[in-house]
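Colleague: What follows is the residue order along each chain.
Number of protein chains: 4
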Amino acid sequence: MMDIDVEGVEQRVFTGVLPAWDRVEEAVQDAHRRESSATGGTVADYIPALAEADPGLFGVCVVETDGQVHAAGDVEAEFSIQSVSKVLTYALASDAVGHDVIAERIGVNSTGQSFDSVMAIELNGGHTMNPMVNAGAIATTALLPGGNADERWEILHDALSRFAGRRLELDEDVYRSETEHNQRNMAIARLLESYGRLDVDPLEIVDVYTKQCSLRVTARDLAVMGATLADGGVNPVTDQHVVSPEACTATLAVMATSGLYERSGEWLFEIGIPGKSGVSGGILAVVPGKAGIGVYSPPLDDAGNSVRGQRALAYLSRVLGLNLF
Amino acid sequence: MMDIDVEGVEQRVFTGVLPAWDRVEEAVQDAHRRESSATGGTVADYIPALAEADPGLFGVCVVETDGQVHAAGDVEAEFSIQSVSKVLTYALASDAVGHDVIAERIGVNSTGQSFDSVMAIELNGGHTMNPMVNAGAIATTALLPGGNADERWEILHDALSRFAGRRLELDEDVYRSETEHNQRNMAIARLLESYGRLDVDPLEIVDVYTKQCSLRVTARDLAVMGATLADGGVNPVTDQHVVSPEACTATLAVMATSGLYERSGEWLFEIGIPGKSGVSGGILAVVPGKAGIGVYSPPLDDAGNSVRGQRALAYLSRVLGLNLF
Amino acid sequence: MMDIDVEGVEQRVFTGVLPAWDRVEEAVQDAHRRESSATGGTVADYIPALAEADPGLFGVCVVETDGQVHAAGDVEAEFSIQSVSKVLTYALASDAVGHDVIAERIGVNSTGQSFDSVMAIELNGGHTMNPMVNAGAIATTALLPGGNADERWEILHDALSRFAGRRLELDEDVYRSETEHNQRNMAIARLLESYGRLDVDPLEIVDVYTKQCSLRVTARDLAVMGATLADGGVNPVTDQHVVSPEACTATLAVMATSGLYERSGEWLFEIGIPGKSGVSGGILAVVPGKAGIGVYSPPLDDAGNSVRGQRALAYLSRVLGLNLF
Amino acid sequence: MMDIDVEGVEQRVFTGVLPAWDRVEEAVQDAHRRESSATGGTVADYIPALAEADPGLFGVCVVETDGQVHAAGDVEAEFSIQSVSKVLTYALASDAVGHDVIAERIGVNSTGQSFDSVMAIELNGGHTMNPMVNAGAIATTALLPGGNADERWEILHDALSRFAGRRLELDEDVYRSETEHNQRNMAIARLLESYGRLDVDPLEIVDVYTKQCSLRVTARDLAVMGATLADGGVNPVTDQHVVSPEACTATLAVMATSGLYERSGEWLFEIGIPGKSGVSGGILAVVPGKAGIGVYSPPLDDAGNSVRGQRALAYLSRVLGLNLF
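Chain order of the listed sequences is U, W, B and Y.
The first sequence begins at 5 in our numbering and counts up one residue at a time.
The second sequence begins at 5 in our numbering and counts up one residue at a time.
The third sequence begins at 5 in our numbering and counts up one residue at a time.
The fourth sequence begins at 5 in our numbering and counts up one residue at a time.
Hints in this document: simulated from the structure, not taken from any laboratory.
In this text, a Cβ means the ideal position worked out from N, Cα and C, and glycines have one as well.
Incorrect hints may have been included.
What the hints assert, rightly or not - Quick look at which bits of chain W chain U covers, simulated, 3 or more residues with Cβ under 8 Å:
(1) 13–24
(2) 263–273
(3) 322–329
Using the sequences and the accompanying hints, generate a full structural model.
Modeller: Here you go:
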């Protein structure tokens with residue numbers, strides 16, 4: 005079960021609007037303060053670049069859809085975005101190929117299996133089940149426009165930067181390390197290819213996918229990205245249009261269904277809003293129409309989700325009445 | 005993929021409140037009118053009592069949390085509630101044993117497998133994954149209070165009637181027929197027992213479960229039940245308290261995760277609100293804080309969901325801005 | 005991996021005949037002596053009647069197809085036959101319904117899964133894969149002649165006694181204990197029934213199956229039974245015809261394929277003759293045309309096979325040149 | 005079920021020796037004659053080089069362990085060896101690394117799944133289950149000696165030629181075609197690598213594996229290869245030592261367990277000797293101590309096994325008393 009502590013924290017009811025500015029500000033500061041002392045979890049260590057992360061870093065940021073920012077702690081610390089990027093490439097691909105095509109090509113149903121399972125692919129005759137597991141995420145990146153790998157990466161890099169409202173940089177160390185450890189993703193790409201589910205070169209697409217996971221972001225960036233998805237695709241800080249409202253709706257639905265892999269149901273049960281976690285310790289959550297939330301704290305639980313991040317989100321969900329249900 | 009037709013229907017945005025009375029009324033009438041002519045699907049025929057259902061029956065009903073009722077078509081036609089009952093027994097059991105116990109005992113994650121799979125039980129060492137598949141539903145019914153099978157059934161019968169706001173009757177034909185065809189549920193109950201996951205007699209609990217599925221309801225009843233879940237557990241028509249707000253939140257979360265079995269993700273992607281379907285042709289959907297929706301039309305698609313029911317809900321979701329995402 | 009010790013034991017080549025009487029006699033005495041001191045393994049304890057078995061008991065018996073008997077150790081100690089009975093009921097059912105029907109109804113392929121898996125049933129749409137796992141064994145017992153449960157049991161009891169060459173007795177303690185712990189077998193029988201793969205009452209057939217597993221045998225009995233299968237269905241001690249040569253061939257083939265569940269391949273790789281183990285510590289092995297072997301020693305390895313039994317068989321296989329390959 | 009026709013063909017009993025020369029000769033001619041008219045099956049067409057095979061070609065060859073050859077039909081027609089090569093590389097690797105290492109590294113148990121399943125790998129934490137499915141075969145080829153891909157191929161090419169007793173040639177067309185269609189094998193190799201189960205470069209090893217499958221052989225070659233395995237590793241035609249007796253025993257055991265993928269049990273049930281089929285229409289079978297059998301006929305059944313080949317072997321098994329059980 006999720007390790008959260010909301011004993012005595014009253015669950016407020018979801019309404020059409022967020023509470024007033026000072027209530028949100030206070031909640032963000034409280035969330036950071038109460039969970040700063042939470043221990044437990046271990047920093048991901050399968051590549052050196054991740055293992056070196058400072059376990060003490062902890063940032064919480066809420067960006068409202070009107071552009072207001074609430075920040076506490078290390079919201080400017082940079083880390084590689086990892087799996088959180090799956091959400092954004094899905095929004096982009098959804099925008100590019102449309103609601104029906106993305107649903108047919110990538111799938112929208114939960115696998116009930118872990119993020120890097122190949123079993124789910126075989127049981128479904130080569131169809132990926134959803135874009136939040138590696139197989140679906142790689143197939144999603146392959147749907148992005150671009151005549152070759154470089155173009156595809158450029159387009160993707162630009163778009164992810166527009167989501168953040170600033171130029172994101174590639175973490176070369178992470179990219180190199182990941183490249184040396186991506187045999188399983190290459191197996192997945194080859195398997196998709198063998199089922200005729202990949203129109204592009206599998207090696208190139210795994211490379212683009214590895215790059216997208218290696219972009220450096222902050223908790224603040226995640227919150228801005230989330231607020232963009234909450235706001236129908238317009239970045240509320242830069243006012244720049246990034247994706248269509250339809251793409252945002254589709255993206256939030258798949259996040260709700262499978263944003264936390266086999267723990268997705270538990271997340272919805274405890275927190276009640278779409279979310280997506282990454283192995284570097286970031287979590288992006290979205291309160292539709294209201295706000296984006298970004299949290300960062302490297303120690304992960306055994307399911308690979310940030311310990312403090314989940315606890316902070318569980319607290320915010322209750323005191324701000326974010327739970328959709 | 006789901007067979008829906010929303011070409012040209014504009015997706016309105018979810019806000020804090022439903023549109024005004026006449027807009028909702030008009031949408032309900034429109035949904036009924038446009039989908040009346042939808043063909044396709046076949047009536048469930050595994051027991052005679054279901055096979056005899058009139059495929060032409062079609063009712064759509066919305067009950068707002070302030071008690072207002074919008075109805076079109078055959079909203080008073082009775083049918084057995086079937087799997088829709090899983091939602092209500094889960095709310096009751098959740099109320100009875102509490103948030104943490106229900107999560108631990110029944111599970112909240114999607115299986116990615118069909119409603120009567122035994123494979124998911126074995127792969128999880130006897131743990132049921134969620135209360136919307138038969139294994140979890142049977143285990144949920146077993147958590148209800150009552151010293152013996154009769155007491156358990158009485159308590160359950162009363163509570164489901166309170167959800168509907170009227171005394172529900174048992175369909176004896178359906179109950180008898182189902183009893184003759186419940187070998188698989190008995191296999192599931194025995195399997196749960198063999199894993200030590202059932203504290204009560206497996207034969208008795210399958211009998212209570214079969215009875216709960218055989219209660220007669222109408223589309224209007226489903227809408228009232230849904231409105232009760234939408235309203236924090238208070239029946240907005242009778243003003244009677246049925247379950248706690250916490251139990252409602254928990255129930256809506258698991259409906260969102262797995263209310264339509266292996267198609268749950270697709271449902272959330274297209275319709276965007278918690279829903280639960282039954283093999284007799286009913287669907288109960290909930291717009292948190294706003295309304296309950298009940299639809300009834302016997303012909304089912306290959307996934308066992310009402311064809312007209314899904315189409316009507318997809319239409320209502322768009323024109324009334326019900327999609328949570 | 006199997007825990008055997010054949011370091012330095014020369015593998016002789018399989019020929020058309022067994023070595024001379026004194027070589028076999030010496031090998032049996034040697035096998036008993038060298039493995040008497042083998043430790044490790046634990047006595048099955050899921051029912052009291054099994055848990056009370058004396059872990060020190062150890063018997064090795066070879067019965068040649070000309071009726072000669074070689075015995076060492078506790079070859080007259082009685083124990084419940086358990087899963088070894090699957091082999092004999094398969095031979096009987098095969099005789100009763102014929103080669104083609106038994107192949108179609110019960111299956112002959114390995115599941116690659118454990119003995120009481122329900123997953124394999126579901127993955128194969130209700131077809132059992134082979135008669136050596138519980139599902140297939142229960143379906144096999146259901147194919148035996150007999151107008152009702154009592155007749156079926158009487159016929160079965162008689163036939164198993166003919167295999168042994170003496171009247172076998174039911175172990176009432178084991179039968180009662182097993183009856184209290186057979187929820188999983190009842191789940192399996194219900195599941196088969198739900199797929200329409202069982203023509204008889206599931207409760208009755210599980211009862212007959214439980215009885216067949218509770219018959220008391222000795223290591224000598226197992227060897228005689230094995231010699232009967234090796235000898236084309238004629239008991240070489242009583243000269244009584246038990247089953248047809250065709251039924252024996254079919255039975256030895258399925259033993260080779262799946263007699264030791266998911267370890268069947270390993271057994272064939274190390275020992276190279278058809279075998280079948282039971283949870284009480286017995287193993288029956290067959291050298292086609294030459295001999296039957298029965299061993300008994302209660303401590304089991306983690307796969308549920310007798311530790312000393314496997315070691316003794318590995319030794320005999322090598323020194324007597326029994327390996328078919 | 006297997007499509008064989010042995011109505012009225014009497015099953016002779018397996019003895020220590022084959023029948024006399026003229027009986028074997030007559031049986032081979034009969035087998036060819038009776039099955040020449042068998043229709044059904046389709047030639048593999050996933051690569052052009054296979055699709056062009058003449059469906060009318062049909063050869064049957066038995067080579068006794070004393071070197072006598074019985075041949076009927078197109079026993080000199082060449083075809084690519086395909087999966088039959090798995091048997092020979094396993095014998096070589098077994099010889100190279102020894103009984104215990106090969107058992108631990110490659111596995112010996114049946115998967116119960118199809119030849120190119122990746123699911124079995126995942127369910128077993130990266131362990132391959134046996135050398136007759138692609139995953140295990142690729143891992144087996146990786147165990148062969150050789151400092152680099154070229155050396156490995158040279159050693160392998162030489163050894164397979166020694167098995168046949170003549171220099172085998174690479175079919176360049178088949179090799180090129182297969183190379184263009186081996187995404188799934190590359191996925192499997194990457195997956196093995198990701199589990200740390202492959203010590204060599206996955207691309208190189210898939211290339212060597214593709215080459216080994218592309219060697220040209222005849223039905224006569226298969227029979228000689230089989231006779232070499234039957235004869236403890238000495239080629240009875242050239243009298244050349246190819247592998248050790250221990251390696252032969254190990255190889256025949258795994259052929260018996262899983263030589264025909266998920267139909268292995270059925271094969272053992274009907275034919276009763278170790279066999280291995282290939283997608284080009286060849287089957288190699290071994291009668292331990294007595295003979296090797298090679299058949300060739302391109303039309304395959306839905307399980308990918310030669311239709312006429314299986315029928316001819318079922319006939320030979322019965323009239324010559326080859327069934328080990």
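Colleague: Hint by hint, say whether it matches the structure.
Modeller: Status of the hints after comparison with the structure:
{"no.": "1", "hint": "13–24", "verdict": "holds (count 6)"}
{"no.": "2", "hint": "263–273", "verdict": "holds (count 7)"}
{"no.": "3", "hint": "322–329", "verdict": "holds (count 3)"}
Checked against the numbered hints given earlier, this structure breaks none of them.
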